[in-house]
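Engineer: Going line by line, the protein sequences match chains A and B. Here the first sequence stands for residues 1 to 870, numbered as in full-length UniProt numbering. Here the second sequence stands for residues 1 to 870, numbered as in full-length UniProt numbering.
Please keep in mind that the hints were generated in silico from the structure rather than gathered at the bench. Note that the structure is a prediction, hence the values are computed from the model and not measured. It is possible that some hints are incorrect.
Pairs involving identical chains hold if they fit within one copy or between any two copies, as the list cannot separate such chains.
[Said to hold, decoys possible] In silico lysine to aspartate or glutamate, DMTMM-like type, Cα no more than 25 Å apart, as pairs:
#	residue 1	residue 2
1	Lys-651	Glu-473
2	Lys-184	Glu-162
3	Lys-778	Glu-620
4	Lys-594	Asp-727
5	Lys-502	Glu-157
6	Lys-778	Glu-648
7	Lys-13	Glu-122
8	Lys-778	Glu-74
9	Lys-3	Glu-354
10	Lys-644	Glu-720
11	Lys-752	Glu-59
12	Lys-651	Glu-620
13	Lys-651	Glu-625
14	Lys-644	Glu-425
15	Lys-577	Glu-470
16	Lys-71	Asp-748
17	Lys-602	Glu-504
18	Lys-631	Asp-472
19	Lys-807	Glu-749
Number of protein chains: 2
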Amino acid sequence: MKKLVYSFEMGDKSWRDLLGGKGANLAEMTKIGLPVPQGFTVSTEACKEYYEKNQWLSENVKSQIAVHMMKLEESMGKKFGGDENPLLVSVRSGAAVSMPGMMDTVLNLGLNDTSVEALARESQNEKFAWDSYRRFIQMFSDVVMDIPKYKFDIVLERLMEEKGCDSVEGLEAEDFKKAVEEFKGIYVKETGNDFLTDPFDQLLATVEAVFKSWNNPRAIVYRDINGIDGSIGTAVNIQSMVFGNLGQTSGTGVAFTRNPATGEKKIFGEYLLDAQGEDVVAGIRTPKEIEGMADEMPEVYKEFMDVCALLEKHYNDMQDIEFTIEKGKLYLLQTRNGKRTAQAAIKVAVDMVEEGLISKDEAILRVDPSSINQLLHKNFDPKELKKERPLTEGLPASPGAASGRVAFTANDIKQGKGEILVRLETSPEDIEGMNLAEGILTIHGGMTSHAAVVARGMGKCCISGCSSIELDEAAKRMVIGDVVIQEGDCISLDGGTGKVYKGEIPKREGMIDSTFEKFMEWTGEYKSLGIRTNADTVKDCETAIRFGAEGIGLCRTEHMFFDENKIWPVREMIVSKTSYEREQALAKLLPLQKEDFVGIFKTMGARPVTVRLLDPPLHEFLPHEDDDIEKLSKDMNIEFRDLKNRIEGLKEFNPMLGHRGCRLAVTYPEIYEMQAKAIMLAAIENKRNGVDVSPEIMIPLVGEVNELTYVKKRVQGAIEEVFRTEDFKLEYKLGTMIEVPRACVTSDEIAKEAEFFSFGTNDLTQITFGYSRDDSPKFIGEYKSKEILAHDPFESIDERGVGRLMKMSVDLAKAEKGNIKLGICGEHGGDPKSIEFCHGLGLDYVSCSPYRVPIARVAAAQAEIKSKRG
Amino acid sequence: MKKLVYSFEMGDKSWRDLLGGKGANLAEMTKIGLPVPQGFTVSTEACKEYYEKNQWLSENVKSQIAVHMMKLEESMGKKFGGDENPLLVSVRSGAAVSMPGMMDTVLNLGLNDTSVEALARESQNEKFAWDSYRRFIQMFSDVVMDIPKYKFDIVLERLMEEKGCDSVEGLEAEDFKKAVEEFKGIYVKETGNDFLTDPFDQLLATVEAVFKSWNNPRAIVYRDINGIDGSIGTAVNIQSMVFGNLGQTSGTGVAFTRNPATGEKKIFGEYLLDAQGEDVVAGIRTPKEIEGMADEMPEVYKEFMDVCALLEKHYNDMQDIEFTIEKGKLYLLQTRNGKRTAQAAIKVAVDMVEEGLISKDEAILRVDPSSINQLLHKNFDPKELKKERPLTEGLPASPGAASGRVAFTANDIKQGKGEILVRLETSPEDIEGMNLAEGILTIHGGMTSHAAVVARGMGKCCISGCSSIELDEAAKRMVIGDVVIQEGDCISLDGGTGKVYKGEIPKREGMIDSTFEKFMEWTGEYKSLGIRTNADTVKDCETAIRFGAEGIGLCRTEHMFFDENKIWPVREMIVSKTSYEREQALAKLLPLQKEDFVGIFKTMGARPVTVRLLDPPLHEFLPHEDDDIEKLSKDMNIEFRDLKNRIEGLKEFNPMLGHRGCRLAVTYPEIYEMQAKAIMLAAIENKRNGVDVSPEIMIPLVGEVNELTYVKKRVQGAIEEVFRTEDFKLEYKLGTMIEVPRACVTSDEIAKEAEFFSFGTNDLTQITFGYSRDDSPKFIGEYKSKEILAHDPFESIDERGVGRLMKMSVDLAKAEKGNIKLGICGEHGGDPKSIEFCHGLGLDYVSCSPYRVPIARVAAAQAEIKSKRG
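Bound-form chain A, shown alone:
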């Protein structure tokens, strides 16, 4: 028979998979001699067995639990639910990874009409005994039988009213007896059965409830989000009760060995005298700060401080400790690595290195890269946020916090007034307004929609795909459920969670300090992946360099074209009927485009700057309003109707798969020639001014090597011409995006013609899956909830599909050209999990939006450290 139950004397902290985190730590604390109430753990394998047997507790596990209960009775000298000296236990879930949404705790299990009397006698405290009993019934009914808690609270409130007291402590033994009777009545009514009196039945029902809660919806969602395997199961810890509610020499509390909000090296905790654990959490009584214990129970306080120091040292990390004091004696109920803010994580990690407790590489592994976002952006004050209820929730497209008045068109955004721009979806025409807005909220679009990408680039708070909002653009209002928001009404966006609130919420600044700087510096000592940035403006470049970017991996040229200055010649170029007309328009653009690059090269200096030539379909640049078409038709001397027809003719059924990227350059090579000239003229100007430059020209959307060969020839020709006319040469690289599945499959051929590859994983993901980024939010939610996709492939690289294609591409390319430079410039370049994958693929660099550079640095360092550790 398989062993499924383990006493705390067996095992240690390394048995996490088998005993769960809580069980392993209870075993560990028992092993090192700390005062832990005795007990045992029903292992995760019992949970797996439970599910394998179609949600049925086997006789084997039942009898092992029975045996361990007997041993526990024996060593405690008590009898489980007995009529004298009764043994009571707590039952708590404990998976290998801590997880919200699961059933938590049942205390005082073992009480019934008999044992409560014994407990009263034993403790000489009838009130305590009956209080414990009513607590048990309430807790068991709530967490095991799913009876709403408020039904019991109503009874207590009535009893308090009758008694004329305003807290439960004011009630007497008699009152609790009454409560117990009434509680049993509620139980019968709700379940159709009498309350379980047999302690062993109580125990098995609770163990089963824990197992069931492993698969409750919240737990499933949490596992999906965090990529936790659903088959590992949870353990259950059964521990003899100790009581913090046996009068003023008893108490209970929780403490962190350091401050979990700031990381300050000082015990941070709260406790309550004469209370059980739930009272601290429930918020009915206000707990005291842990320092108060120094006066109230100096010896226990000292002992607890020593335990804290010991546990932190033992676990080499900040601990989160639960304890109970029963009649002056300290018991430890749990210890675990404490959750902390990003600020605290970095502070604790850096301090512990300086205290000699951990190594630098260990410190780097201690910080969750994604959490760093909190430090870079304004955030809502957590205390204030707690008071608010969100109106609705979208995708957390770009972090930060924003409050402001709603505007429904980009034109309605006024400089500096801090509006929130709300749109069905943004388009390149909205850029100006987006730049001025405080925050952006879109109804459509996913994590890589236009709004999301642009907002992240700007470091601006954005929520996308908030499909529960009904937007009536004409009437300038939006409706969320029964709340109507008019233009000018105030809303708040939490870009970190995707939640939308009504009204304004106070904010606090991001927290970049010297500790942060030091930590970031350390990441540089470990990481091997280069970290570049996706930046289109001088401002982006400056931000990214401040955060440690080592170059530009993607400089999109199309955003530059939306300037009022440039859009008209761009439009002229597009609707030109002849090459001559087109060249006239391009000649107007050349000096404007050159100026864009002059600033960028100057800012980046010797760092490599990868410029992607024009990518989007041309109709994105064309006017759609009749007024603008009229203006263009006059400028170009074209009949209005003719021009309108031509604009219609450029529309596409599937623009994502249409005439864009290098396909434009095959049809109109003059465009890329102009851009190549502008890049080189800007580079030469800087070089003449003593600024070192490293331009890299990148051709987008190549799917067939002949496209690259053709376009490259034209681009090289244009550059040679600049070198001749300027009488100046400089080094540059010419490469391609890999963003079409066919490019991956034919990378051997493409590598012959390219000096570098940059994986455009946004498009590669779209095309490999056949998911339009603008349309897929309609079904990706359902895909996640039905467990068809474990995660959104636009957030983290889909390793099994897109990743296999990337691997194939890397292998084919390296076999052809060993020294080819490989990078990634999709949004995945800022996602820690994807960065680890790219590190494994052997890429040379990742590129991400400026505000993700620090995240990428940490993730890259972690990937390197993990792979070295093997």
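Since chain A is already given, all that's left is putting chain B on it; use the hints.
Structural biologist: Chain B alone, transformed into the frame defined by chain A:
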């Protein structure tokens, strides 16, 4: 020094690659003792060298040509361009594969002011000599120097007018002398140089012109279309002249050993007395039928008949022979396998098997599968067609010929009136009108556009992507250049070439006869690939079975939904807000859908029928006109505005990559459940009536195995329910389309859940390349002309890209499940080149539209025969 020039005495027909087709056959005929004028061949390797040396004739090749000229002079006893007994030569190009667009022939080379006199003396025919000279100047100027021919014709016409004769034969020696003088003047004016008098200079210039013509645009396009490697080069044949224009005992002609139009076993040819080769082709004089020679020159006729019989037997194929008779002596100038119509190809192949000349497998290889189209559809009478000039040209989307009055909307098509439907692009709403139309012409869309796919399915003539037409739908007219076509005007479409004509052109029927049937039967003895059809209606099924289809590889269910009967419940289903409403609508659809399948199963009997469940995005079914929306809003009891918003909300940015295929079924599993039930109910009904059935259910657009697992479970559940309620079970298969790149890459996982894969290469090509089938015609033309793509990947499978993904999929799937059934149901399933590729991949079957089934059968048999031959 590399040998680059070969005399006809060396080599034979197997030296094709080195000597070109013409040269190899001249060598062969020389070898078997036939009367071939002596000469030599400048090999294809000389051409390659010419291009390697950057278009420069090396001293080596020049001196080898000189040596061979000297030998030729010696053996002929004549002097090249000499002042007595002058040697004249013809120069003709000859690549390994015959190819239009290349420089063809220069005759009488070696003439100059001296040798013409000698020729006059020698032949005692001054007129002949000067006529030959003026011909030479004219031909040399035209084909070598690119001087327009009409400039010379004007001179001849003036001379004839002066002389008062109406043909060139009326001119005398003196007139030709004048012509020569004037021709030289034109030459000087056009080239800036004197006419070349040195015969050797003339020769080298002509050889170089042949080499240059290898890379002229027409030749390049031809090679691209036919997949001929551009690096193989052409050879040049230099042959001593014989003269058919030395009076009434001389002549020239061409003959086929069998009738090239019908295949009839009877020599078919034409000749002219006192003429040079060009006269037969030029059409100035009307040639006589070859039988006339029996009277005019009985001995030569008999000799020629013997030669024809010998050559056909020697080459084992119908020969196309050029000959000249000089003063009663027969000379052979060329023999080659004769081009023939599909009808002739099949007749000749079948006859030759029955004559014991070739084997059946050889006969099958002799027929170009694509040409079979000609036999299955009405065609324009070639003689009539010759007289017409096309207005414009689009893509030959579906073969056949159609004439009729133009209608610009599907609603304007009246039953049986034979209109031509002209649209920007068709949509599923147009199906009814398309079915009634005589032919279909679209401005947008490629070879796999909606119009193309549907028309091929219907066996109806269609031209797509005819982008030179400006369509003004509002005004109901279209403009092609300066021709305006109004509604009701008559046009003609040639679906085989994509050409559009004005007015009506007489047609002739397709030609399916017993020879065709016999040939098709033979293919069945050889092919290993199964041939299925893509069929959605009973009519399609009947056509396909008649052509030899062995099952249905793709039965699309969406076309069924566009019936007036079905579209309304479909719409109700789509706009349903609740599952309950949706199930109500589906309940209405179930019996209607079942009826569709009852007929199909009955027609197909025991043959497998693969039904693809609903695939297109739902908004394709929704009304877009306010009237229809109004009607639906009343039926559904929904506010008009609310419904209109909901319809708007279903629109997608990139519908190709949107909410369609199995993604619909993940969101609304009820739809597939209804379809699965309908299929099984129909199958059971047939089975109960004694009809054997083999249903196969196919899930579209799977990209992730979990999609298939989820949908499969629901579909199987629905089927089990039918089996229970009907108390009847039957065998069925459940599989998936492979049409998303990610499905190829994860085929190992998907194979676990699928009994068969069917490659949907239309979508797979679209998505792998990232080319929308509706938008790519805008640039694919340019891609072909710029040699970026050798062929349209929607016509033939892109083996290097899409093919690699298919290979990966097949390998992964077979490794997981050795007996998995693999097929293809994209349009490529009817393309011979793609069929050969699928055969190589090891697929079990191909599926194509009914009218392509015979083509597929031949291609499949050829693939098998070729692979067996190795």
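Engineer: Within a copy, between copies, both or neither: which one fits Lys-502 and Glu-157 at a CA-CA cutoff of 25 Å?
Structural biologist: neither (33 Å within a copy, 93 Å between copies)
Engineer: Could you figure out if Lys-807 and Glu-749 sit no more than 25 Å apart (CA to CA) within one copy, between two copies, both or neither?
Structural biologist: both (16 Å within a copy, 18 Å between copies)
Engineer: Checking an output row: Lys-651 and Glu-625, CA cutoff 25 Å. Within, between, both or neither?
Structural biologist: Answer is both; intra-copy 14 Å and inter-copy 21 Å each pass.
Engineer: First find the shortest C-alpha distance between Lys-184 and Glu-162 inside one copy, then the shortest across copies, and answer within, between, both or neither for a cut-off of 25 Å.
Structural biologist: This pair counts as within: shortest intra-copy Cα distance 20 Å, inter-copy 131 Å.
Engineer: Up to 25 Å between alpha-carbons, please classify Lys-3 paired with Glu-354: within, between, both or neither.
Structural biologist: neither (44 Å within a copy, 82 Å between copies)
Engineer: Since the copies are identical, ignore which copy is meant and state whether Lys-651 and Glu-473 lie within 25 Å (CA to CA) inside a copy, between copies, both or neither.
Structural biologist: both (23 Å within a copy, 17 Å between copies)
Engineer: As a check of your reading, is Lys-752 near Glu-59 (CA-CA no more than 25 Å) within one copy, between copies, both or neither?
Structural biologist: Neither: 66 Å inside a copy, 35 Å across copies.
Engineer: Within, between, both or neither: how does the pair Lys-602, Glu-504 come out at a Cα-Cα threshold of 25 Å?
Structural biologist: neither (40 Å within a copy, 69 Å between copies)
Engineer: At 25 Å max between alpha carbons, let me know whether Lys-778 reaches Glu-648 within a copy, between copies, both or neither.
Structural biologist: Between copies, since 14 Å is at most 25 Å while 27 Å is not.
Engineer: My question is about Lys-644 and Glu-720: at a cut-off of 25 Å on alpha-carbon distance, are they close within one copy, between copies, both, or neither?
Structural biologist: neither (38 Å within a copy, 57 Å between copies)
Engineer: When no copy is specified for Lys-577 and Glu-470, does a C-alpha distance of 25 Å or less occur within a copy, between copies, both, or neither?
Structural biologist: between (42 Å within a copy, 16 Å between copies)
Engineer: For Lys-651 vs Glu-620, is the C-alpha pair at or below 25 Å within one copy, between two copies, both, or neither?
Structural biologist: both (9 Å within a copy, 18 Å between copies)
Against the hints set out earlier in the document, violations occur for numbers 5, 7, 8, 9, 10, 11, 16 and 17.
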